[in-house]
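J.: So you can see what is in the structure, the chains are spelled out below.
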Amino acid sequence: MSQECFVLLPRDGLSVKDGRGWYTSEVGRGYSHPWPLPTTVRGALRAAWGQDLMTTQPGVRMTPEEWEQRSAGVKLTRFVALRRSLAESSFKQAHRMWPFPADAVLVGGEKGAVGRVEQLLPRRPATGRAATTLGPDEDAAREGLWHPRWASKGKPAPAPRFWSEAEMVRWLLGHDVAIPRELSPEQRTDVHVSIHPDRQTAEDTMLHSRQVVELLRLEREGETAPRAVEWALGLCCEQPTRDSVRGFPSGVLGLGGRRRLTNVEPVTPDLFACPPEFQPKGTKGLRLVLATPASFVRGWLPDGFEQDGAVYVGTLPGVTGPVVLRAALVPRAQDVSAWDMVKREPRRTRRWVPAGAVYFFEKQRGEDFTAEELRALWLASWGGGHEEALGQVLPGVWTPPPASGA
Amino acid sequence: MESRAYLLQALSPLHVGTGRSVGVIDLPLMRMRATGIPIVPGSSLKGVLRDSRKHDSDKARSDAIFGPRREKPGPEGDQPGEYAGALVVGDARLLALPVRGFVGTFAMVTSPLLLALARRDWGGRMGGGEVPGPVAPLAKYQARVASLKNSACLYRHDGQPRVYLEDLDLEVENKDDSVLASWAEVLGRALPSEERDMLMRRLVLVDDETMSFLWETATQVDTRVSINPETGTAAQGQLWTEESLPAETLLMGVMAATRAWHPERKLEAGEVLSEALGGPGTMLQLGGKATVGRGWCRLLSWQSGGSEGRR
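Top line first, the protein sequences correspond to chains D and E. Residue numbering for the first sequence follows the numbering used here, beginning at 1 and increasing consecutively. Residue numbering for the second sequence follows the numbering used here, beginning at 1001 and increasing consecutively.
Because the hints were derived from the structure by calculation, they are not lab data. Nothing here was measured: the structure is a model prediction, and the numbers come from that model. Check the hints yourself; a few may be wrong.
Subject to a maximum C-alpha distance of 27 Å in a straight line, what follows is the list of computed DSS-like cross-link-like pairs (lysine-lysine) [said to hold, decoys possible]:
1. LYS1072/E to LYS1059/E
2. LYS17/D to LYS343/D
3. LYS1266/E to LYS343/D
4. LYS17/D to LYS75/D
5. LYS1072/E to LYS343/D
6. LYS281/D to LYS363/D
7. LYS17/D to LYS1072/E
8. LYS92/D to LYS75/D
9. LYS1266/E to LYS1289/E
Let the hints inform the model, and build the full structure from the sequences given.
T.: And the structure:
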């Protein structure tokens, strides 16, 4: 099995269309996901791998079915966002960008300014009788989950989409973080029209627009000259054992809607490793932040966690002993639709827990999570969809509040 | 996928617009939103390339390159195709903008950012071909030229060379820029032989801040009006302004291709690219306002001139 690590640098921006159809509004309008989905990227890699295979092995011609079957072994094992100055020639860990975690809240300061970053800390539920919900059998465990309570004054401000590596490491270690700058890629709308070849006029009903996410920006800080900054996708992928292609991927890659051209730059696996600055001490509580969306069988509830009385208990990769799920901060589910190129029909829509969701744990027997366990969890895979780099987590420390009377 | 860089040289004002605006200019140019760099979208170029082959008798070959045409407009035409087109056309981005000068009539102005993007299109980051290196950065409101001796745009005042671009008065570093000279030389190889020294004489490198000011303000803005045929006077409410890239503008883009997927036409990626790029200096009409002479461009590449154009 060969592992290739590289960075994709989309040249002209990306349009990764979401599930809304062209004809669901009065004008044909295509909306793009704000950041490409792992499944889109893997699909592009499978297509590129098949093309490279046919180019490098004369005589190989695959039918769509064969393509689907043989390229199934192309697996995405790492998927991170990157951002660097155009003047830099290589990517480093410091260039990594992580989804803004759901347990961080920007709180407005005076006169509408963003004042500070606060952490949402789950509190133990109040003892005694409380209202419960009607419905599924797991009520006791679900009602037993801890919820964060908002104690501070000030309105929450819109959160940026990404955090820098330095900010995320500080956050995971439980340190204060300064107000992050808004660094997300921008979007533009391209309008297209089809010209009739004989009349040379626009064809009726063929005017449509498409959102494009631009990955090149000019950023200014104060009075300084503008600095060109580029966003990119850092990937590791595995090739099928029997059919590996040397030098994969070769040349540029087509990615997203209209196969927009994407440059490929090789990197080493160190780019995805746990950073040396992440040196946690043993901790009573553990936070897991989703660095990529997660696919769990039962929606928000992590795979392998079962109700045990009034709590959910399960295991985590690289952690000794059972753990108790104390809280889950999960934003709205991400619905993902795709097209089956072989059957020429839509694939089944999937629901993912979005990147940035945060889960809180304690060990069932009350021990601490060790520093080694935390570092082992760096980008560990959780839930389903490992072949699409789904469910990769970032570990953070958490200090659970003492029990009342303790 | 195999790819090649291409150049677009505007021979008349080039208007590839967004179709609407809420700003001062009614019909502005299409630009990258985050940087403001003017672009010609790949879809425009691909459509024009395809249209230029509509009279070819070999329809299958054209379809193999550009993809099957939809049979019907609208929702009923949304049928999945039997095969995909082999050609992918990237957007063409501004590379050098002709800017009026008090000396030398006009200068071809570029910046470190535009050359860095062009370098990537050439595969320079991957060590591809004979791509010139990155130019050294410039201080704010400074300029450099390839050769002080050969530049057509310099004016010396008390021994200090300067360039005057529109109403900008920029100090020019009192030394030749050899890297910029290589850019002028290598880019010039794509141009027709009689124009090859144009860049050596007119290329001026300015800092990115000045360049971003120029690509916003040094474009051509024409005011036009409709004449009422009955009265022969301006029609009420029919005055508008439209923005164009001036003639001589250079833009750079990338085309890429796989081998053709058409069941009857087997073309290798290189053939697809050669077919799309056409002969040296293919003439095309791009963008809007064709009937008033806008958008005549040369499509240029380095496909026969050495390795620097291949990636």
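J.: Each hint should be assessed against the structure and marked as holding or not.
T.: Outcome of the hint check:
no., hint, result
1, LYS1072/E to LYS1059/E, "18 Å, holds"
2, LYS17/D to LYS343/D, "20 Å, holds"
3, LYS1266/E to LYS343/D, "24 Å, holds"
4, LYS17/D to LYS75/D, "22 Å, holds"
5, LYS1072/E to LYS343/D, "22 Å, holds"
6, LYS281/D to LYS363/D, "16 Å, holds"
7, LYS17/D to LYS1072/E, "22 Å, holds"
8, LYS92/D to LYS75/D, "23 Å, holds"
9, LYS1266/E to LYS1289/E, "37 Å, violated"
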